[in-house]
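2 protein chains.
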Amino acid sequence: MFKYRLLTPGPTPVPEDTLLELARPVSHHRTAEARQILAEVVEGLRYVFGTRHDVIPLTCSGTGAMEAALIQAVPRGGKALALVAGKFGERWLQIWRTFGVEAVAVQAAPGQVVTPSMLESALRQHPDTQAVCVVHCETSTGVKHDLRAMGELVARTDAVFLVDAVSSAGVMELRMDDWHIDFLATGSQKALMLPPGLAFVAVSEKGWRAAHRHQPPTFYLDLKKARDKIREHDTPFTPAHTLLRALRKSLEKIRAEGIENIWIRHARLAQACRAGVQTIGLELFASVPAEGLTAVRVPANLDGQEILRRLERDYGVKLAGGQDQLKGKILRIAHMGYIDFFDVLASIAALELVLQQMGFAVALGSGVAAAQRAFAEFRSD
Amino acid sequence: MFKYRLLTPGPTPVPEDTLLELARPVSHHRTAEARQILAEVVEGLRYVFGTRHDVIPLTCSGTGAMEAALIQAVPRGGKALALVAGKFGERWLQIWRTFGVEAVAVQAAPGQVVTPSMLESALRQHPDTQAVCVVHCETSTGVKHDLRAMGELVARTDAVFLVDAVSSAGVMELRMDDWHIDFLATGSQKALMLPPGLAFVAVSEKGWRAAHRHQPPTFYLDLKKARDKIREHDTPFTPAHTLLRALRKSLEKIRAEGIENIWIRHARLAQACRAGVQTIGLELFASVPAEGLTAVRVPANLDGQEILRRLERDYGVKLAGGQDQLKGKILRIAHMGYIDFFDVLASIAALELVLQQMGFAVALGSGVAAAQRAFAEFRSD
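Going down the list, the protein sequences come from chains A and B.
Going by the numbering used here, the first residue of the first sequence is number 1288, and it counts up by one from there.
Going by the numbering used here, the first residue of the second sequence is number 1288, and it counts up by one from there.
Don't take each hint at face value.
Calculated lysine-lysine pairs in the DSS-like style (CA-CA distance at most 25 angstroms, straight line) [unchecked claim]:
1. K1511(A) with K1493(A)
2. K1512(B) with K1374(A)
3. K1290(A) with K1536(B)
4. K1493(B) with K1511(B)
5. K1374(A) with K1366(B)
6. K1511(B) with K1366(B)
7. K1374(B) with K1512(A)
8. K1540(A) with K1374(A)
9. K1493(B) with K1374(A)
Calculated directly from the structure, the hints in this document are not laboratory data.
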């Protein structure tokens, strides 16, 4: 018997008491209690995002929320920069192109990041760009982008700054207002510790000014309409209100721990995980790794899909592989949301066992011990 | 102590074992099990809709699903007929106009229906219409439309037939294929006995032919992309997969009871409810009432909002009022999904008590007895 351990970078495990919250009877969605819940979750999300601005809940996935932001930021015929370091950066580029925006890709090689200086020269080359979009944590490769430096650069221009914080909000340092972020989107199924079904967009005043210049072709994902409703603690359409009720519980936990402590906890998990996998002899894939997951290269001559299969079948450990062209080439261990140090330790121990069985030379326990040492010796400063 | 009784036409109560299903641990959404669930729920929904065609799950509300269908059916600059008998008919009209479609409203007075002959003359007057959209059960007024007759009329033309079945699928007779429906949309929070968060669109071959003539301005609600994925038992974006897992449970219940038995059960509840409220002295609002809810006029000189407030505060019975211009003028009692005869009886009994307390002459128990008699004497044929 092995317990099922979900260490994928979304969906992530949901705490047991939140699951029970999801099992509570359904109430109506247009009541004083429902309005109170909306007011509280908006306040809680403001705290997580580091913003005083509007936060709008949408019933959709993170992609729906990013679409809402992208089409609100730039009209058809407009121009934008998309910083692309993997699958999700690619996706936002594609959305703009779907909507007739001239989107210029600023591309990083797989496992690499787009640097602030790459953005700086792109902004010089395209002074007429109306928006810059970046993925904070590019979940497909495990890299993180330097939002603080990028936000400074974009703030000096008329362009708005859009951030996909789907697998970074509630994981790593994120300061929407201080970092001059104008549109920030995230989903429910990562560090907010909920099942998928809800997503959120926060919009700055500069963001709203851009949004008011045009009316994007959407009804369901109309952020201006949703903003007018949420300011009255309401939504334009029936929301996934049992998820909103459960989100309140997640946000209570986040407040109780403190967002800065949560960032430190994730950094510590990341450092421990990386020490462990590197000691086993695995190479990190990300040049600048994000705190929410660790991506490693599959060793030469080993079948990455087979490693994943054995981890799940023999040990109940569910990791993620690579997507699209990275399929079979990388493994991704998530340590975000409701995943703790001993879950990470279990995944390293299972990985050691599977790799040994597949003929890869591993000293059993070496990765585990290295992770423990890194965890014990971690200093946040 | 009174139990909370939710008799609103969405969200509706969720069965206790489905709630527990929602409390089960989260698993990954790209697994053999997840594909199996998708395959099963698509089959189950086909059964509910009466179709052999594609059924596409979307993570959004019913409005999102209708938007997906409407923009797929008619391109910008195209022309469509919107049959409007209330708030939801209005909404679909508005969506088309948002997307630059010349949408002609065929309007019924509040509480009335658009008749097949009104549609027939509109089709004659607008032979170039590319689509006809109708709400099967217009939840805002409680009327039902004659889809069978309308489908016949539309099938003789090149136009596609779009149906909002949000509060009718799993409630009243619905035969997508036999009735020549080309796009059919519904949500999770009505007769599918789930919380809100999922919606579904089914598309006929004629529907796909119309869809293939253009590419609508959407990425998240792109039905063609979603169809290619669902045919492989997959979704393009992270779906609300714990709701999909719970939907499997709802669909098992529906199959076990039999969809035609479910239609009869709802007709019986509707007949009982109507006998009850009419015996109390309340007047039905809908000229052709749908089986999923009963709308009644608020008696002259009584405050409709106060009736609702007292029902909930004093007796735990949650009914819906009117929306927009009908606010305070009607009451709506839902009897769809996981609401049984004794819930309906409780609502009639509570209504009798509240009306009496508010000075309206009621013989206590008269409505209840009438509902029981109608229930006992019900014959389906």
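Compare the structure with the hints numbered earlier in the document and write down the numbers of the violated ones, lowest to highest.
Hint check: 5, 8, 9 fail, others pass.
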